[in-house]
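Peer 1: Chain residues, written in single-letter form:
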Amino acid sequence: MQAFGLFNYWVVVLLMMTGLYIVTASPNLIKKIIGLNIFQTSVFILYITIGKVSFGTAPILVDGVSRYSNPLPHVLILTAIVVGVATTALGLALVVRIHSAYGSINESELQNEDAADS
Amino acid sequence: MDIGSFLINAILLVFLAATAIAVARLQNLFAGAMLFGIYSLLSAGVFVVLDAVDVAFTEAAVGAGIATILMLSTIALTGIKHESIPIRPLRSLLLVAVVGAALIYGTFDMPRFGDAEAPAHQHVALRYLQQSGDEIGIPNVVTSVLASYRGYDTLGEVAVIFTAGIGVLCLLGGSRRRRTDPADKS
Chain W
1 MQAFGLFNYW VVVLLMMTGL YIVTASPNLI KKIIGLNIFQ TSVFILYITI GKVSFGTAPI
61 LVDGVSRYSN PLPHVLILTA IVVGVATTAL GLALVVRIHS AYGSINESEL QNEDAADS
Chain G
1 MDIGSFLINA ILLVFLAATA IAVARLQNLF AGAMLFGIYS LLSAGVFVVL DAVDVAFTEA
61 AVGAGIATIL MLSTIALTGI KHESIPIRPL RSLLLVAVVG AALIYGTFDM PRFGDAEAPA
121 HQHVALRYLQ QSGDEIGIPN VVTSVLASYR GYDTLGEVAV IFTAGIGVLC LLGGSRRRRT
181 DPADKS
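Residue numbers (the working numbering), protein chains in the order written: chain W, 1 to 118; chain G, 1 to 186.
Keep in mind the hints are simulated off the structure, nothing from the lab.
In this text, all values refer to a predicted model and were calculated from it rather than measured experimentally.
You may find that some hints are simply not true.
Across the chosen pairs, the derived CB separations fall in these ranges [claimed, not checked]:
1) W:Val62 with G:Gln122: 18 to 24 Å
2) G:Ile85 with W:Ile98: 18 to 24 Å
3) W:Gln111 with G:Ser73: 25 to 31 Å
4) W:Arg97 with G:Ile87: 34 to 40 Å
Quick reminder that beta carbons are idealized off the backbone N, C-alpha and C, glycines included.
One chain only, chain W, in its complex shape (with noise of 0.2 Å):
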């Protein structure tokens, strides 16, 4: 069973690339923030699963148990899942003004509208 104990930080590495791509190769800016979010959620994942211990149980204390999970890193990512939906709203916002400056979320074209300005 020892060669399956890699496998979550594979699928999370895999998650990554998926938001990176999506982040690099989409032109439309709101896919663009739905890459960043999946590659944040991918991040949470990584930090859950180093968190975890085998036979534990959640870190809320009771009687007679005394295997838990690492409960700093749930502190951690709970912090930063308030702070990514935060940073997405003003992404969103951005995008939103953009839209009613130049017509267009498309990054090429804001790029050629931008060249024929200067």
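Given the structure of chain W, go ahead and fit chain G onto it with the hints provided.
Peer 2: For chain G alone, kept in the frame of chain W given last:
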């Protein structure tokens, strides 16, 4: 190793990977946003299996709920339903392959899944589990750490959310006023 929870975790992770790849291949933005909601919900399931119950309900409420609603409202505000074809997909694929291979190489030094002897479990986490019941008096260790031991982190988090809120208000509040400005129409 804890085989039962590992198997459920592995099945959910395969679903997650399939959903993420579907998001990358779809050109319909509405479908992409909805699939992202499913992706968040599946990751909340993974968190439950990996004993992170607090993280799971935050992800289900904030990730699957609020983030999806924000994306859908942006699609509604801009009125753009489809994206055009990817720019330079081959260059991106090459970048992703190189970075991915480096990361996979890095995982061989990671502690195995569920290893109780892993370095992450040896330092301050042990103290939280043993002492927080007496010191703080709350059974949920995550709450004790979040609100007491690392309370300044949470204060910083509130500052970040406040800043983001002001940013969104400045960006969107201003544009709405300008659009309804009668002097703008002339």
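Peer 1: Could you see if the CB distance from G:Ile85 to W:Ile98 stays within 18 to 24 Å?
Peer 2: holds, 20 Å
Peer 1: Lying within 34 to 40 Å: is that true of the beta-carbon distance W:Arg97 to G:Ile87?
Peer 2: violated, 22 Å
Peer 1: Kindly confirm whether 18 to 24 Å is satisfied by the beta carbon distance between W:Val62 and G:Gln122.
Peer 2: holds, 23 Å
Peer 1: Using the Cβ atoms, figure out if W:Gln111 sits within 25 to 31 Å of G:Ser73.
Peer 2: holds, 26 Å
This entry does not satisfy hint 4, going by the numbered hints stated previously; all others are met.
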